Every structure is written in structure tokens, then in C-alpha cells.
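Colleague: Using the sequences and the hints given, assemble the complete structure.
Read top to bottom, the protein sequences are chains A and B.
Taken in order, the first sequence gives residues 1 to 607; the numbers are from the working numbering.
Taken in order, the second sequence gives residues 1001 to 1385; the numbers are from the working numbering.
No lab work stands behind these hints: they were computed from the structure.
Please read all numbers here as calculations on a predicted model, not as lab measurements.
Glycine is no exception: its CB is placed at the ideal position from the N, C-alpha and C atoms.
Mixed in with the good hints there might be a few duds.
Here are the computed distance ranges between Cβ atoms for each label pair [stated by the list, open to error]:
1) B:Thr1359 <-> A:Leu451: 32 to 40 Å
2) B:His1376 <-> A:Leu379: 46 to 54 Å
3) B:Gly1249 <-> A:Asp495: 54 to 62 Å
4) B:Asn1303 <-> A:Arg304: 57 to 65 Å
5) A:Leu451 <-> B:Asp1059: 42 to 50 Å
6) B:Lys1075 <-> A:Leu313: 47 to 55 Å
7) A:Ile590 <-> B:Lys1075: 31 to 39 Å
Listed here are the chains, written in short residue letters.
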Amino acid sequence: MSSWLDYTINGLIVGNVYALVAVGLALIFGVSRLINFAQGSIYLVGAYIGWVAVVQLHTPLPLTIIFVAVVAALVGLIIERFGLRPLQNSVRIAPLLATIGISFVLDQLVMLTFSPNPRALPSQLPDVRFQVGGGTIGPLDLLIAGVGITSALSLFVFLRYSKLGWAVRAASQDRDAAMQMGVDVNRVNQAVFGIAAALGGVSGLLVGMYYNQIDTAMSLQATLKGVVAEVVGGAGNVPGAVVGSLLLGLVESYGVAVFGTSYRNLFAFLLLVVVLVLRPNGLFASARQAPPEPLTGTFIAPSRPVRIPRWALLVAVAVFAILPLLPVSFYVLQTLINAWLLGMLALSLTLVAGTIGQVSLGHAALLAIGAYTSALLSLTFSVPVGLAIIAGGLMSAALGTILISPSFRLRGHYVSIATLAIGEIVSLVILNWESVTRGPIGISGIPPLSLFGYDLISASSVYWFSFVVMVVLALLQARLLSSHLGRSFRAIRDDDIAARAYGLSLNRYKSLAFIFGGFAAGVSGGIAAHLYSYINHETFNTQQSILALTVVILGGLGNVLGAVVGSVALVGLPELFRVAAEYRILIYGIVLLLLVRFRPQGLLGTI
Amino acid sequence: MSNINRRTLVKGSLAAAIAGTALSRAAFADTAEPILLGVSGPLTGPNAQYGTQWKQGFDLALDEILAAGGINGRKLAYSFEDSQSDPRQSVAIAQKFVSDPRIVLELGDFSSPASMAASPIYQRAGLVQFGFTNSHPDFTKGGDFMWSTSVSQADEQPLLAAYAVKKLGLKKLAVLHLNTDWGRTSRDYFVNAAKEYGAEIAVTEGYIAEERDFRSTLVRVRDANPDGLVLISYYSDGALIARQARQVGLKQVICAASSVYSPKFLELGGDAVEDVHVGTRYFPEDPRPEVQKFITGFKKKYNGLEPDAFNTYAYDAMNMAAAVVKIGGTDRRAIRDAFAKVKDVPSVIFGRATFDVATRRVKGAMNAELVVRKGHFALWDGKPT
Chain A
1 MSSWLDYTIN GLIVGNVYAL VAVGLALIFG VSRLINFAQG SIYLVGAYIG WVAVVQLHTP
61 LPLTIIFVAV VAALVGLIIE RFGLRPLQNS VRIAPLLATI GISFVLDQLV MLTFSPNPRA
121 LPSQLPDVRF QVGGGTIGPL DLLIAGVGIT SALSLFVFLR YSKLGWAVRA ASQDRDAAMQ
181 MGVDVNRVNQ AVFGIAAALG GVSGLLVGMY YNQIDTAMSL QATLKGVVAE VVGGAGNVPG
241 AVVGSLLLGL VESYGVAVFG TSYRNLFAFL LLVVVLVLRP NGLFASARQA PPEPLTGTFI
301 APSRPVRIPR WALLVAVAVF AILPLLPVSF YVLQTLINAW LLGMLALSLT LVAGTIGQVS
361 LGHAALLAIG AYTSALLSLT FSVPVGLAII AGGLMSAALG TILISPSFRL RGHYVSIATL
421 AIGEIVSLVI LNWESVTRGP IGISGIPPLS LFGYDLISAS SVYWFSFVVM VVLALLQARL
481 LSSHLGRSFR AIRDDDIAAR AYGLSLNRYK SLAFIFGGFA AGVSGGIAAH LYSYINHETF
541 NTQQSILALT VVILGGLGNV LGAVVGSVAL VGLPELFRVA AEYRILIYGI VLLLLVRFRP
601 QGLLGTI
Chain B
1001 MSNINRRTLV KGSLAAAIAG TALSRAAFAD TAEPILLGVS GPLTGPNAQY GTQWKQGFDL
1061 ALDEILAAGG INGRKLAYSF EDSQSDPRQS VAIAQKFVSD PRIVLELGDF SSPASMAASP
1121 IYQRAGLVQF GFTNSHPDFT KGGDFMWSTS VSQADEQPLL AAYAVKKLGL KKLAVLHLNT
1181 DWGRTSRDYF VNAAKEYGAE IAVTEGYIAE ERDFRSTLVR VRDANPDGLV LISYYSDGAL
1241 IARQARQVGL KQVICAASSV YSPKFLELGG DAVEDVHVGT RYFPEDPRPE VQKFITGFKK
1301 KYNGLEPDAF NTYAYDAMNM AAAVVKIGGT DRRAIRDAFA KVKDVPSVIF GRATFDVATR
1361 RVKGAMNAEL VVRKGHFALW DGKPT
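Modeller: Laid out in C-alpha cells, this is it:
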């Protein structure tokens, strides 16, 4: 029984840690309706600035905290001024993508400055422990709790009772109306970003001290957990973020208690999905809160899609089709194979995110389902590879649609967060379901691609195979979009209330889109499995989902050709910058930011 | 195979010509040009730290090889391509390397998915993929061009089990392991050996690499009431677990796999890793000349920095590659065959390394039994803690 007390205390302690990130996220969401994926990077910056202060400058703790807060706030102000403010009037999803680009840039800058080796960040508090239950609590635990709760409370008071706080809330309710009432929305945004960044920086410092360890990979995990905690509490609700964090900590701790350590994150993401299904706006959403806006639809920038003449397309297809006959290196072919595989995933995503407006951040899960299905069928049951890949596509279509269906009733950012969670859940199930998926050992010895009994092992044949599959899927999708069905999809995206009034069943159409999209993604995963011959739960990860979303936005939401062009560009860019080695992710991040800034509707425009 | 090989070369050369690189120099092995090895590994992304450590080990080995006259008078160099340890990128890099006629041998990749996804390409093109952190049991089964100096866990874990059970007398163990292919394989070898030596395994807990909080896991460990904790971890997570174990009041003896052997383990773990027992493949105070030469050279080159396990693997791998190229020349096939011919290559990890042709791995890693005393790794003096 005493163990349960310990699990509870541990859950609250780690919940505390999550709260530090979640509060900053909630504040920014409250004002800009933006999930700031760069918050984890500011946390990272804070941790390293803290390291400089503690280890090199030997500042006392209060000074360390002030120093970190000031520098982090400055970073936040710069992000707001140069990264996000220029995007105010562009597609709603542009700022989200910009924060992803900013996080690449920040993470990489920290890595280049400090090297990727982890460092010790010694705690500046006395190392005494108080016995509680079977475990102990130290002063740092209390400081973290103090900072988390105090900042949440003071932010709550600030938002509710101060004039600037009112302005913040007014701006978050209705930007234009607030501006008409004389609120300087830009100043409000600056203030909020500064505060949130200062908080993020300090949280990196404290968490680094807590673990006596900081490393450059800590930012993505922090963002993920922070986002989960924030959404559980009700996005934009500052006290809710604290409660959500504590709840998340507790659920994880109890999950470990009952099922063991390897299930820990599974429970975190299940909690998120359950909360979203039962209370789509989070636990603490007030009834009066304005309904979340769809990410696409009415917010799609008025853009005229670039019309590529049919003959040009035919020429392009012909050139790519005969490429292996020309003297190009296998490296170029392999890079293009990667682009075609990513292209299939992007087709899938551009359909669900662009055409029907369900922005998915967990699309890699569909790849994984297709890959595992195809690999296991061909290995265990000796199903011919061609059939196994089709089966993989069908399985992704079926299972993916069922898994994602709880998110159909969600709107706006909640869809993307729910799909993010579902992506993580699929990956964790693969890790833990050892009897089927072989768990962490992964599946090796997957037979190579073959067609009618002939093995396709040369780069040229794999190239042709994936190219033809992608072209066929693209043509089918183009046909789909120009049909009655495609128009219904876009009607749902543009105005789901009007579409429903017109008699369209939203869930059925969303399911149809996911079935078609799931198939394309599953086929892509299946081909990848046979190409790599070895897969494990990490092969298809969140980064892959984010990459797919980037491709889709870059190409133009809902634009079939855009998905393909975007894939070639985003597979090609890092390869082009390969010579730059350590700098290439930095360059990639900057290119992404510039694209979002100057061409938010995508290269080829939204359809 | 030779057919494909020739085709690869022709295609690669044409591409090189198109790309504007000097074809003639590459084709007619100019002796002034260094012999080039390809490295596929992480320089950015979550595993970036290991790529950085590889470079340090490689560069030291290359300095020494050059000082000793190079490879039959020619310089040895490497071209490091950043894969982020991502299979999509490692396959593209593999195509790049196999179609670049200057590359005679490939080193890496870091993780199993990234390495094994690229294996079929190296195998078909007939370029040796020389993995030195690839302990996945299936890595060298990818074909006869896959070779590895990564210590087989079947070799190492029983030694750790013997240290824990026989020497330290721990009869009831809790095992915490990284839930990856490496951690799982290691855990199974460890558990089997420990049981064989008469120990009881009270609980095993697998955790994912990104995990930072182990308090609840440690409560489970406490409830199982073991008399020793075994960590199959890397240094960063190993240090975290040790710290949190002491914080939640666990006082049991802690034993850890050699992968925690790093000055960083001491730095990150602080007081909490005092008295932690580590079975390791080498030890700086080991008087063997290979070890002493490596440690002195490393500290001299990197301003007093202490080398760790991943520096050592890279250093050994580069020396092994040099020994192989010395025998095999610059022909890719001959290099593959040379792996079976090299004998007793001086190595920090193995002493004198020779490949077992059947498994294409090296057997017989050295083992030193260490304990952390006063913030330093020291040879265990036989006293229980």
C-alpha cells in the first residue's frame, strides 16, 4: 500500500516537471491559437544558458534564474518578431510550420555551439532529502513545484485582472475586434512570447538541474509531453495546463506501477486520446470559449493554384521514367526512390489534411502498419511480396481509419494533436506487442521487392516499381478530386456546418478519405519494408510525420502534384546540403522558414 | 557479383564525370590521392553525440597511421556522410558510396535500422560494410560483406553476470535495460547466464531511450526486493537511473554493462555512481601497450579529454580497417577477403583482434572488473561494497 503513496508522489513530481513546459505552451496558445513547437527548443536554450551561467560564470542561483529568463525572453521576442509576426495574415497552419522550422534552427544552433555530448548541470541547491513515504523529496522538487504553480497562478491573475491581461484575452478571442478597440495586438503578442519564453528557459534550467543532465535531444520530448499536458488541461487554459501536467504525471506513474516501465508513454498518449474523445476541448475548457477554428477551410489563403500544362507534365513523367536508362548514379536513383516513397505518404496526407481538412501529425503510423503487415505476411506466411504490399495498404486503410476515427469529431489543432498521439501509440504498441511484432528486436531478413516471381533488387528496378506505383496512386487521387466525391470532401473542409446542412455525412466522408489515404501510405510503408529488409519500431517515427506535413504544406494543401514536387524538394534539399554535414539541418530549417514566409500557400498553391 | 560490381563502377564513373569530378584521377589510382573510406553515421539528430565521438577516435587513429608511414606509402582518409542514423538516409548514402569508385570500404552506421537497411545495397554492390557498433545478432547475417568488431553480447553479458553473481555474491537481481535491440539481446544473455550461476531474477524492466524519469520504475524494483541492480544502459541513462535510485532510497549494489564506461558517467552521475560496479572491455590503467598508446595519444590530441567507449570502438575500427586495406589493397573484393586474413591486429578492446570467419565478428573481448571509487573508475579490489 505504501508503494501507492510513492507512485503518487513520483507522479506529482514528474507532473511538476511537465507543468513548466505546458504553462508556456498554454499561454501562447491562449493568445495566438498556436501550438508552439519551438517551446521545447527554448527550453533547450534555457538549459544551456543555465549551464554557461552555473559552470562557467559561477552565478548564484537567483542570478542564474534571472540570467536564463532574460536571455530566453530575448530569444522568444526575436522568434515572435521575425519568425511569426510576418505570418499573421497567412494560412493558419503556416505559423505552426514556422515554429517547427524555428525549432530545427534553435536545436541545431545549440548543438553546433555546445557539441551534442550531454553535459552535467549541477544543482545549486543544497543536497538534502526529506523522507516522504518510501522515497524522498529534495529542495529542487519543491522549487520546481513552486515555480510551476506560482507562474500559473500569477499568469491567471495577470490575464484576469490586469489591463494588459485583458488585452491578451481580447486578442485571443477576436484579433480584428481587439484591434478595432485599440489594442496593440503586436505588443500583446510580444509580451506573451517574452513571458512564455522566459518560463520555457527557466524550466529547461530547472529540469536540467533536476536530472543533472542536459543534452541537445531533450527538446522534442519536452514539446511532446508539454503538448499532451496542455491539451489534456484544455489548450490555452493556464491553470488547466498545471492540472493536466500533474494528471499526466500520475497516469504515467500508475501505468508503470500496474503494467511496467515499457508501457509508460503508452498511457500518456492514451490519456490524451481518451480526454479528447470525452471532452474535445480538454478538461477545463469553459463553455463560453469560442469553438476552435478549423485549420484549413475558410483560413486557406486565397491562392490560385499553379496550372501546369498537360504536355509539361507528360514530359516530366517521361523524363523521370527513362532516368535509369540515362547515365545517372545509383545514388541519384536511390534519392528519388526515397522521394517517391515519401510522395505516396504525402499524397495520403494531402488528401486528409488538404482536401478534407484533417491535419494529421501521426501519419508515420500508417507507414508502420503497412510495413509490418507486409513484412510479416511475406516472412511468416510466404505471401508473394506484391500481394503482401497490397495487403499492407489495405491493413493501413482499415486499421488506420478505425484508429483515427475518434478524432473525426475534433476540430482545429485538436485533430493534429490526437493524430500525433495515435502515431505514438502505434509505435509503442509495436514495441510492446512482442509476440507479433518481435518488439525491440525488429524484423530482419524481409524478402526484397519482387513481382511475378522476379526479384527487383537493382536500384533501377526498385526505382521503376516505386515510380509507377506512385504515379498510379497520384492519377487515382487526381481523378478522385475531380469527381463528385472530391467536391464533397472540399465542401466539408471549407465549411463543415454548411456541408452537414446540405446532407453530407461528415464521418462517412472523412472515413472514405482516410481509407484512400491509408492505402497509399500503407503501400509506401510496405515497399520501404522490403527495400530496407529490416524494420523496427523506430523506423517510422514522428519526424517522418512532421516531414510529410512539411511536404504537403510546401507543395500546396490538397494539391496532388504539389505533394510529389514537395517530396522531391524535401528529400533532395538535405541531400544537396550533405556536403554541409553538421550545418544541413540548420540550412533545412532556414529554407523551411523562408518558404513558409514567402510562399505560405505552397509552391503549387492549394486546390 | 563481379558483373554488378563492374556495372556499378561504370555507372558511378559516368555520374562522377557528369558531376564534374575528375574521373581520370579516380580511375587511375593516383598514389598522391589518399585511400578513401566511407563513413555513414549520425552527425545531427538525436544520436549526433556518437558521430562526434567516432570522429575523435578515427582522427587519432589516422594520425598514428600516417605517422607510421600510411598504407604502403599512401594516406588513408575518410568521407563522413551524415545519416542521422535514419534508414532512409543510410540507404541513399550506401548508393552514393557504392557508386563512388574511390571508396574502398564503408564504416557504420550507428543504429541497427540504419545499418541493416543499407546492408543489401553494400552486399549486392560488393562493398564491405564494416559495422563497429552493430551488436544486433542479425547484422553480420546480412551477407559476406558485413563484418563487425562490435563485441557480441553473447560474449560480454556472461562476464558481467559472473562479476555480479559469483564475485559480488548477488543472489537476487533486478535488471533495468534499454528497450532496444541491443538492450533486449543483452538482457537475455545476461539473464540466462545469471540464472546459470544460481541467481534469481526478481524483475526486469525495459525503458525507452528518451526516458528521463525512473522514480516509478525504481519503486517497482524496490518492491521486488533484490540485493542488486543491473543496468544495461548507456552512460547517460545509466547515470540518471543511479541518481534516482539513490534519491528514492535504494541502497542496493549497482552493476552496469560496459556501455556506461565513460568519464561522462561519473560527471552525470556525481555521488550517486560511487561504488557502482562496471564490467568493461578496457581500462585506462591497463598496462597493455595498445591501451596506453591510445589513452596517451587521445589525451594529447584532445587537450586532456578522457576517451570513452565510443571513441575506443571508432579508434579500433579505423586501425582494423587500415590493417585490412594494407592486405587487400584498393580492390573491394580483395578487401573483403582480407578480413579473413588479418591476424592479431593490435586493439584496445580485444588485445589482439582476429575475425572469426564463421560469424564475421571478433571474439574474446578483454574484460576488466571496475568499481567507481572517489569519483574515479578503479580496478575492483575484491572488497564488497
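Colleague: Taking each numbered hint in turn, which are not upheld by the structure, reported in ascending numerical order?
Modeller: none
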